[in-house]
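Please put together the full structure from these sequences, using the hints given.
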Amino acid sequence: MSQKELTMERWRYPRFFTENISETAAVLDPEDSKHVSQVLRMKPGDIAVICDGKGMDHLGRLESATGECVFEILEKTPNQAEPSVHLRLFQAIPKGDKMDFIVQKAVECGACEIIPFISKRCVSRPDRKQLAKKTERWQRIAYEAAKQCGRGIIPKVGETVEFSSLPGMISPGNTGILFYECAQTPLREAMQEFSVNIDIVIGSEGGFEPSEAEMLIQAGLASVSLGKRILRCETAPIAAISVLMNMTGNM
Numbered sequence: 001m002s003q004k005e006l007t008m009e010r011w012r013y014p015r016f017f018t019e020n021i022s023e024t025a026a027v028l029d030p031e032d033s034k035h036v037s038q039v040l041r042m043k044p045g046d047i048a049v050i051c052d053g054k055g056m057d058h059l060g061r062l063e064s065a066t067g068e069c070v071f072e073i074l075e076k077t078p079n080q081a082e083p084s085v086h087l088r089l090f091q092a093i094p095k096g097d098k099m100d101f102i103v104q105k106a107v108e109c110g111a112c113e114i115i116p117f118i119s120k121r122c123v124s125r126p127d128r129k130q131l132a133k134k135t136e137r138w139q140r141i142a143y144e145a146a147k148q149c150g151r152g153i154i155p156k157v158g159e160t161v162e163f164s165s166l167p168g169m170i171s172p173g174n175t176g177i178l179f180y181e182c183a184q185t186p187l188r189e190a191m192q193e194f195s196v197n198i199d200i201v202i203g204s205e206g207g208f209e210p211s212e213a214e215m216l217i218q219a220g221l222a223s224v225s226l227g228k229r230i231l232r233c234e235t236a237p238i239a240a241i242s243v244l245m246n247m248t249g250n251m
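In case it helps, our numbering puts the sequence shown at residues 1 to 251.
Bear in mind the hints are in silico, worked out from the structure with no lab data behind them.
Be aware that one or more of the hints could be misleading.
[What the hints assert, rightly or not] Label pairs and their in silico Cβ distance ranges:
| hint | residue 1 | residue 2 | range |
| --- | --- | --- | --- |
| 1 | Thr77 | Leu40 | 17 to 27 Å |
| 2 | Glu75 | Pro44 | 49 to 59 Å |
| 3 | Glu189 | Met251 | 15 to 25 Å |
| 4 | Pro44 | Ser164 | 50 to 60 Å |
On a predicted model such as this, the values are computed, not experimentally measured, just so you know.
Every residue, glycine too, gets a C-beta built ideally from N, C-alpha and C.
Take a look at the structure:
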């Protein structure tokens, strides 16, 4: 297969992230190396896309599948899947494993960072030890989703914060949007322009207390509606990110 054909077919190849990469070679960590040799059963000569996590893709040919896998770098190009805006999702923690789904789909749709928070109407209130395990799992889900959908970075899942911390975490220079169940103004009417950095806030199953919504509005966030239908808390962030990606020319 020619170099041109390899480049055109890059979307078919397995994708891995590593910091151990140079102009000529890339080395995968033990876990991804095990996946290459034992799950994918790749052999020397097989092709994969190796990403440095900073937005650059490297087309690589497997040299060795023994121990840590080594890929010869054939080509280096900017990743084409990263959006032109940096979108942070502030998501109230829902019940059960819904956050797993939210993290996975938010990464696929283009979110660059996800920050869980606990608001007054959150039913799920895990303790610190439970949160540490959940955060580790959510970050792993973000990593796998980034590989699957061809991202050039691994979106970060931050530590869970209290709702009261949110106003101070959102810069006045960012486009801040509160998706509020009681809002009347549709997103397309409320937002005509966007900054490079977009922060969106979405509640849990019970939505927000009026006092919480007012606190965010006073902090400068636009209170907007996603329409007249009531969306589940795991549907709302995916719908919101998708619409914003479309409005900013990233979908």
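> Where does the structure disagree with the numbered hints, that is, which hint numbers, in rising order?
Replying inline: 2
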